[in-house]
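Quick note, the sequences are listed as chains A and B, same order.
Just so we're aligned: 231 in the working numbering is position 228 of the first sequence, and the numbers increase by one with no gaps anywhere.
Just so we're aligned: 644 in the working numbering is position 181 of the second sequence, and the numbers increase by one with no gaps anywhere.
Misleading hints may appear alongside valid ones.
[Said to hold, decoys possible] Pairs of lysine-lysine residues, derived as PhoX-like cross-links and limited to a Cα-Cα distance of at most 20 Å, are as follows:
no. : chain 1 : residue 1 : chain 2 : residue 2
1   : A       : K331      : A       : K380
2   : A       : K366      : A       : K336
3   : A       : K103      : B       : K523
4   : A       : K380      : A       : K298
5   : A       : K235      : B       : K613
6   : A       : K124      : A       : K380
7   : A       : K124      : A       : K331
8   : A       : K132      : A       : K103
9   : A       : K185      : B       : K613
[Claimed, not checked] If you want the footprint, here are the derived chain A segments under chain B, 3+ residues with CB under 8 Å:
no. : stretch
10  : 104 to 116
11  : 388 to 398
Source of the hints: derived by calculation from the structure; they are not laboratory data.
Just so it is clear, CB atoms sit at the ideal spot from N, CA and C, and this is done for glycine as well.
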Amino acid sequence: MKKVLALLLAMTLVIGCGAAFADAEPTEIEFWTFQDLHIAFYEAMAEEWNAQNPDRQIKLKSTPFPFEEMHENLGNALMAGTGAPDLVDIEFGKFANFMKGDIQLLPLNDIVEPELDNIVKARVDIYSKDGNYYGICFHVGAAVIYYNKELCESAGIDYTSIQTWDQYYEAAKTFKAANPEKYWMSVESSDIWHMWPQLAELGGDMTDAEGNATINTPEMAKVLEYNRKMVKEGLAVVAPGTYHHAPEFYAMMNEGSIASIVMPFWYIDRFTDYMPDLAGKIVSAPLPVWEAGEKRSVGQGGTGTAVTNQADDPELTKAFLGFCKLSKEGGIKLWQTLGFDPIRTEIWAMEDITHDPENRFVKYYASNPFDTLLQIKDEIVAVNNNEMLPTVLDTMKSVVLQKVYETDESIEDILSAAQADAEAEAF
Amino acid sequence: MRRLKSLLYSQRLAPYVFIAPFVIVFLVFFLYPIASTIIMSFQRVVPGQTSFIGIDNYRKMWNNSFLTALKNSAVYMVCTCVILIPVPMVLAVMLNSKKMPAKGFFRSMLFLPALVCVVVAGITFRLIFGERPGALMNSLLAAFGAEPVKWLGGPVRWTTMFALVILCCWRWMGVNTMYYLSALQSIPEDLYESAELDGAGAWQRFRHISVPLVRPTTIYVLTISIYGGLAMFVESRMLFANTEVGNQALTIVGYLYRVGIRKMNYGLGSAIGIFLLVLTLAVNLIQLILTGFFRKE
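Please model the entire structure based on the sequences and the hints provided.
Structure below.
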């Protein structure tokens with residue numbers, strides 16, 4: 004018995020000492036994301052951080068989840084007060100869900116405010132509430148239009164001359180006449196990326212600044228009428244698989260059956276990863292406008308990385324986040340690994356980085372994506388983000404777009420019903 | 464020590480000890496969640512600021528999405544019940560017949576789909592019902608000279624429902640057939656023999672011996688089918704790969720998941736859950752009364 008006791012005592016001592024020495028060990032930062040591509044970026048930045056901060060070593064423990072599941076788990080963990088990670092990626096459309104009640108994310112003002120002059124402010128404003136910033140975006144997400152240059156040329160269309168949506172429609176007719184089996188454009192019946200920028204150009208949005216749903220508006224009707232006309236006349240196809248992230252759509256785009264799509268800048272890596280046959284054929288361009296003088300782009304989507312109130316070492320986690328998302332080296336890495344348009348705009352003009360011939364995005368595209376970006380640099384507006392937005396997006400994705408593109412119901416009726424639905428379903 | 468021994472061998476205590484695992488599991492994993500769901504259905508649940516809001520959640524529930532969900536679930540439930548009771552019954556009679564060749568093979572083949580994970584099945588069916596001309600269903604149509612159909616999220620709703628019902632039938636046909644098979648095997652052979660001697664044909668034997676004698680199984684299958692139909696969720700989610708196009712595959716549980724989990728409106732989600740519980744209980748109660756389950760023999 005005595006022997007056993009002595010052994011136990013010895014073990015306690017050893018474990019106790021282990022804990023005492025643990026301070027020299029790197030601090031573990033638990034990180035959740037819904038996009039495993041993001042992990043490569045953070046891992047690279049963690050290595051860089053450890054090289055620069057020998058006294059504040061970190062060990063990143065990353066876990067990727069499916070999109071919905073990650074946000075659900077996070078919501079449940081924050082609600083329960085236990086089980087949440089230190090650092091987490093929250094998608095733009097989901098962010099408002101985490102801005103309710105006592106906010107369970109930590110304000111990032113002390114790292115964001117010193118950098119405000121160097122970054123696109125809108126990309127932190129969209130994750131703020133009552134003057135506190137709770138998330139930092141990966142990218143600006145500028146909306147652009149992508150053309151399949153080869154297809155345009157085969158129909159004798161010069162895509163650079165398309166300045167307005169009217170000209171775009173005329174080009175569509177020319178294209179269709181030359182390629183009856185193919186489509187000029189693609190629209191989504193279950194997603195909003197293809198039409199939100201068109202709406203923003205007119206000054207419209209999904210919600211207004213006061214947080215009201217703005218589905219039933221003349222701007223929305225105008226955009227949807229235009230797209231519906233394209234679909235009904237056979238100029239546009241409703242994306243197979245219902246949206247621009249479906250494998251069926253990738254296949255159709257990849258085989259060269261669609262000439263152009265409106266998507267944000269971050270769609271770049273979908274091209275390189277899922278549509279390899281289009282290498283050397285894809286160019287980006289500023290969006291056409293309805294009337295001359297309209298702003299030609301809008302910041303779309305995004306992922307706000309946030310620090311939760313369950314973080315073990317909030318200061319260190321915040322410092323690391325700032326290093327990843329706000330620093331110059333972070334911004335450069337974002338472009339190099341993920342192909343994003345970094346929120347730190349000075350990088351856009353660094354030719355050695357953006358035109359690096361070894362970069363896989365530069366190699367893939369027929370024109371340099373940053374050339375487009377620099378053209379629209381001062382025209383990128385922001386959308387409103389508030390607690391109403393998740394509901395409005397739900398309504399758009401689940402009812403409105405499918406009805407507009409697949410049925411003959413009048414757009415006026417669809418929109419007024421949807422407006423009422425969204426208001427009735429608001430949290 | 465003796466006290467402890469008498470406690471361990473106590474006949475009075477033993478039954479409670481034996482049922483304790485069930486009681487504990489029931490209390491922790493059923494009663495507590497149900498009770499807290501009922502409470503949450505009257506609350507606005509947000510971190511740190513949860514408050515009672517009366518019956519607001521129940522009032523808010525009656526919106527168009529919910530009504531669509533209710534309709535979809537009801538149609539799905541009726542379709543699956545109408546198909547998944549008579550057809551398995553006939554299949555079971557065939558499998559039970561002495562004249563049937565390769566019985567064992569057909570039995571295991573029929574049961575196989577039930578063992579396939581719903582997620583895998585959903586993805587496979589999504590590919591089968593793909594909208595491009597090369598997808599399986601559309602190439603079948605093409606063989607008959609028909610145009611390709613946009614099955615999921617297309618202009619009409621019934622194609623989606625068709626895909627969902629087919630998926631359900633494929634999955635559960637074998638299970639229901641097994642239920643009926645075991646019921647048929649418990650019917651004494653002499654009943655059929657004496658009926659045959661009296662000149663009853665195959666149809667009459669089926670109609671007047673098999674069908675009435677498997678009634679308890681029919682009631683059981685109907686009860687679980689009603690519950691399964693109203694609570695269907697995973698199939699529609701997998702078939703639609705997380706998109707919600709046109710609310711065509713939105714079910715009651717799908718809507719609960721959308722508002723309760725995805726939009727984190729736990730209060731409203733709870734109210735929908737309670738409604739589903741009451742609805743399922745009510746429909747099954749009516750069904751049990753109509754089928755004479757409570758009638759004294």
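How the hints compare with the structure:
| no. | hint | verdict |
| --- | --- | --- |
| 1 | A:K331 to A:K380 | 18 Å, holds |
| 2 | A:K366 to A:K336 | 17 Å, holds |
| 3 | A:K103 to B:K523 | 19 Å, holds |
| 4 | A:K380 to A:K298 | 10 Å, holds |
| 5 | A:K235 to B:K613 | 16 Å, holds |
| 6 | A:K124 to A:K380 | 13 Å, holds |
| 7 | A:K124 to A:K331 | 16 Å, holds |
| 8 | A:K132 to A:K103 | 10 Å, holds |
| 9 | A:K185 to B:K613 | 18 Å, holds |
| 10 | 104 to 116 | holds (count 4) |
| 11 | 388 to 398 | holds (count 3) |
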